[in-house]
Amino acid sequence: IHTNKQPYQCEYIGCGKLFTQKRALIGHLHVHTDEKPYKCKYIGCGKSFSDLSNLTRHGLIHTGELYWCEVPSCEKRY
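In terms of the UniProt record's numbering, the sequence shown has 66 at position 66, counting the first letter as 1, and numbering is strictly consecutive.
Be a bit skeptical, because a hint or two may be false.
[Claimed, not checked] Taking lysine-lysine pairs in the PhoX-like style, the calculated list, with each CA pair at most 20 Å apart, reads:
#1 LYS36 <-> LYS47
#2 LYS5 <-> LYS22
#3 LYS22 <-> LYS41
#4 LYS36 <-> LYS22
[What the hints assert, rightly or not] Listed next, with one range per pair, are the computed distances between beta-carbon atoms:
#5 SER73 <-> GLY46: 35 to 43 Å
#6 GLU35 <-> CYS74: 17 to 25 Å
#7 GLY14 <-> LEU60: 25 to 33 Å
#8 VAL31 <-> CYS74: 24 to 32 Å
#9 GLU11 <-> GLU65: 31 to 39 Å
#10 PRO37 <-> CYS15: 13 to 21 Å
#11 ASN4 <-> LYS41: 31 to 39 Å
#12 TYR42 <-> GLY16: 29 to 37 Å
#13 LYS17 <-> LYS41: 22 to 30 Å
Hints in this document: simulated from the structure, not taken from any laboratory. These numbers were taken from a predicted model, which means no experiment stands behind them. Every residue gets a Cβ at the ideal spot worked out from N, C-alpha and C, and that includes glycine.
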């Protein structure tokens, strides 16, 4: 069942961001700790990211694929 409930809240001072899933909150915490566990697999790149979606988007640079806008009804590519 999908609901709009967001019971998981970031407790860092000044943040308070809400999440529907605990794993999303845990992933978000990397932003505050400067932890970047998601590393680019391409040799010689060396970039790392706090969020898996940012790593995925970054990977498009190496593959030459275009990034599709995630907004529904938008068909822009970058």
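Practice task
Take a quick look at whether LYS36 and LYS22 sit within 20 Å of each other, Cα to Cα.
Solution key: holds, 19 Å
Handout entry: Whether the CB-CB distance between GLY14 and LEU60 falls inside 25 to 33 Å
Key = Since the Cβ atoms of GLY14 and LEU60 sit about 32 Å apart, the hinted range of 25 to 33 Å holds.
Problem - Consistency of beta-carbon spacing, CYS74 to VAL31, with hint 24 to 32 Å - result: Given range 24 to 32 Å: holds, Cβ gap about 25 Å.
Exercise for the section: Take the C-beta atom of TYR42 and the C-beta atom of GLY16, compute their distance, and say whether it sits inside 29 to 37 Å. Expected result: With a Cβ separation near 36 Å, TYR42 and GLY16 satisfy 29 to 37 Å, so the hint holds.
Practice task
Go ahead and decide if the range 17 to 25 Å is satisfied by the Cβ distance of GLU35 to CYS74.
Solution key: 32 Å Cβ-Cβ, so the 17 to 25 Å window is violated.
Handout entry: Status of the given 22 to 30 Å range, CB of LYS41 versus CB of LYS17
Key = holds, 29 Å
Practice task
Would you mind confirming whether the straight-line C-alpha gap from LYS22 to LYS41 stays at or under 20 Å?
Solution key: Given that 20 Å is the threshold and the Cα spacing comes to 27 Å, the pair is violated.
Practice task
Mind checking the hinted window 35 to 43 Å against the Cβ distance between SER73 and GLY46?
Solution key: holds, 37 Å
Problem - Hint check for CYS15 and PRO37 - Cβ pair distance inside 13 to 21 Å - result: At roughly 19 Å between Cβ atoms, CYS15 and PRO37 fall inside 13 to 21 Å, so the hint holds.
Handout entry: Satisfaction of hint between LYS22 and LYS5, Cα-Cα up to 20 Å
Key = It holds: about 12 Å lies between the C-alpha atoms, which stays within 20 Å.
Handout entry: Pairwise beta carbon distance, ASN4 to LYS41, judged against the given window 31 to 39 Å
Key = For LYS41 against ASN4, whose Cβ atoms are near 36 Å apart, the range 31 to 39 Å holds.
Problem - Range hint 31 to 39 Å (beta carbons of GLU11 and GLU65) holds or violated - result: At 37 Å between Cβs, range holds.
Checked against the numbered hints given earlier, this structure breaks hints 3 and 6; the rest are met.
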